[in-house]
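Novice: Read off the chains here:
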Amino acid sequence: MPQLRLTGRGLWITVLIAPPLAFVALFIVYPIVAAFAYAFYDWQGLARGDFVGLANFHHVLFVEPYASWTRNAFTHNIIVFFALMVLQNGVGFILAYALWRELPGARFHRVAVFLPVVLSTIIVGYLWKLFLHPIFGVVNQSLKAVGLPFLAQPWLGQDSTALWALIFANAWHMVGFPTLVFLAGMQRIPTEILDAVRMETESEWVKITKVVWPLVAPSATVVFVLLFVGAFNWFELPYIMAGLDGSPYGSTDVLGLYFYRTAFGNVSAGQQDFGLGSALAVLIFVFIAAVASVITVRLRAREIQI
Amino acid sequence: MRKTFIHMGAVLGATIIAMPALAQELTFWSWRQEDRAQYEGFIDTFEAANPGITVTQETFEAANYNTILSTALAGGTGPDLMMVRAYGGLENIASAGYLMPLDTEKVPALADFAPSAVAAETMRSDETIYAVPFASQTMLVIYNKAIFDQMGLEEPQTWDEFVTVAQTIKDNGIFPFANGTATAWQNETIVSALGSSIIGTDFYEDLMAGEADFTDPRYVEALEKVKEMSAFFPDGFIGLDYPSSQQLFASGLAAMFAGGSFELANFRSQNPDIELGVFAAPGMSAEDEKLVGLYYDGGYAANATTENSEAALKFLNFVASQEFGQAFADELSNISTVPGVTFGDPLLQEVADLNASAIPYIMLVHFRYGEPSGSVLLQAEVQKLVADQTTPEAAAAAVTEGLKAWYEPFQD
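Quick note, the sequences are listed as chains A and B, same order.
Residue numbering for the first sequence follows this note's numbering, beginning at 17 and increasing consecutively.
Residue numbering for the second sequence follows this note's numbering, beginning at 73 and increasing consecutively.
Errors might be hidden in some of the hints.
To be verified - Partner residues aside, some chain B positions facing chain A, computed with beta carbon under 8 Å: (1) Ser167; (2) Glu260; (3) Ala303; (4) Asp307; (5) Gly308; (6) Ile310; (7) Gly311; (8) Ser381; (9) Gly442; (10) Pro444; (11) Ser447; (12) Gln451; (13) Ala452; (14) Gln455; (15) Lys456; (16) Ala459.
To be verified - Calculated Cβ distances over 12 Å to all of chain A for the following chain B residues: (17) Phe132; (18) Phe247; (19) Glu443.
Calculated directly from the structure, the hints in this document are not laboratory data.
On a predicted model such as this, the values are computed, not experimentally measured, just so you know.
We put the CB at the ideal spot given by N, CA and C, even for glycine.
Take the sequences, apply the hints, and build the full model.
Specialist: The structure is reproduced here in structure tokens:
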């Protein structure tokens, strides 16, 4: 084993690696470890009380009303994940394919599709809140203008539409990202393979399912895993559009909002509980880390090296 | 050489210890960034009357104030004087022992304050006062006088008249109410603003005595009437958020707003020409006492570990004085809790007069001490109620059931 001497190359490597390592340790590892520790204590406001073992975890998972709040929020995260898988990644793949095939106006559309991704979530949230305004919103106004007034809804006020309105706004905002990643993947497919395919078949369907889809597998891995992490950490958009309580009556509540309310309290609760909040944060973290790892390993396995 | 150091150290130490006694510098934290200039004026008055004491004001964003304050107090870097919230928000800080306990000996003026105001800044467990309350907020109906005059409408004296007023406004093509229910906490406001007279003093007393819960017919009836009145809210009001409903009212597109007295300043700043009136939503008959919902906003407290406790107490006595209360009411257009304050603004005077017949803003005042809070439960149930997803009886039962988790009087 070569010895790492603190001269020349070794010194350089040490000097270059130490600051980022310290940074990661201080700002990423330490807070995570600290949150882990917080979850095992009883808290009175900001004052730490006794060590309580797994009581906080038990509380958020099995004691009412927390148990049903946790279940409710978790269910919504799952709905969000699958809905966005279709609306964001699915549509993203189709858009990428259309752009890659250079349909008319591809150049304009490449920019148009990606543009919303550049906007901050705050702007998108307020924008869609305005669009969906029950009285003045452009969505309801348009529906009335084209003679479909019965379709005009208080979108963000009914449990049947509120979560879907948020999902739709999120898909509108972020669809450009999977599109871009898929497009990059498609552009990496060697022309020889495409030429060979053209000799065999004219069918676009066969081309997509047998050639393009398998060959963009690395892109799919990336967007699937990122979507999974994003869907279970979902916070900004529901916070802006539905508020901390997941209005109306919890129908847009997700783990992110629920964690924030529990740990920091909200205007109407007045109670803050760091212990329960940290327990939730740890559970969310462990769940995301475990599932994301499994997804990554699984999806990696089906990638083909060209 | 070494001796010199010790001497110097001793002198330095003595100076540091003695310095506060000479200068008496106090820090004062507030979440009212918008009132900064007025508070500087109040502080100048105080300093002029108390030579040798200086007060430095620092303001913070309201939404994060509690977090900042409790972090600072826990870390030992808190201010000498501070604004604190009332009720449950006070207990978070007071229960950790960060605040100086007060009584009528330290602040004699507190003896004349309304008992409900003092109760707002009293911790329940040790029955000790921790702050001088500063303002009350009232839940009532605010209306646009120009619209009422134009349609020849009067403030309603019975619930039926109230419905007729709303119907007339609707028939004239204006939204009777500007309220929307998409923002959760607005639902709680609406119940208090529209339903206090129907809820009634008797129910409130029975509730406090542990003899009634929210399934009581008097409370259920209030929910029923709120539901009835929501027919006069704007189209799609269940998707209408708080800022939108404020705008609807301020722009004159709606005639009434069921909400808090804290809206008055806001409506006037959004539309300086607007002419406002206020009334307490009536009960079923004209004989029923007309009640508003009342709560206290917060108070001024001193740090338990301040080195200038005497100066801090002088400040607390100052903010409990008639002189301060009057200046507070005049310059901040807020209902001061100091007794005997008069209001130059007739609208504020009217709100202050209405406060004489009030029941507390029940959920905020009594049911925010545990999880789930009564506020969170009521807000969600009223959202369901106005969206036709539940009945008044079921909503009242759900609130009561939810509170059983921690509210002992409901548990048997």
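Novice: Now tell me, hint by hint, if it's right for this structure.
Specialist: Checked hints:
1. Ser167: holds (7 Å)
2. Glu260: holds (7 Å)
3. Ala303: Violated: closest Cβ of chain A sits about 15 Å from Ala303 (chain B), beyond 8 Å.
4. Asp307: holds (6 Å)
5. Gly308: Status holds, d = 3 Å.
6. Ile310: holds (3 Å)
7. Gly311: Given a least distance of 3 Å, the restraint on Gly311 (chain B) holds.
8. Ser381: Where the cut-off is 8 Å and the nearest Cβ of chain A is about 23 Å from Ser381 (chain B), the hint is violated.
9. Gly442: holds (7 Å)
10. Pro444: holds (5 Å)
11. Ser447: holds (4 Å)
12. Gln451: holds (6 Å)
13. Ala452: At 4 Å from the nearest chain A Cβ, Ala452 (chain B) passes the 8 Å test, so the hint holds.
14. Gln455: Check passed: Cβ of Gln455 (chain B) comes within 4 Å of chain A, closer than 8 Å.
15. Lys456: Holds, because the Cβ-Cβ distance from Lys456 (chain B) to chain A comes to roughly 5 Å (cut-off 8 Å).
16. Ala459: Interface hint status for Ala459 (chain B): holds (6 Å vs cutoff 8 Å).
17. Phe132: The claim holds: Phe132 (chain B) sits with its nearest Cβ about 15 Å from chain A, beyond 12 Å.
18. Phe247: Answer for Phe247 (chain B): violated, closest chain A Cβ roughly 9 Å.
19. Glu443: Check fails; 5 Å does not lie beyond 12 Å.
When held up to the earlier numbered hints, the structure conflicts with 3, 8, 18 and 19 and fits the remainder.
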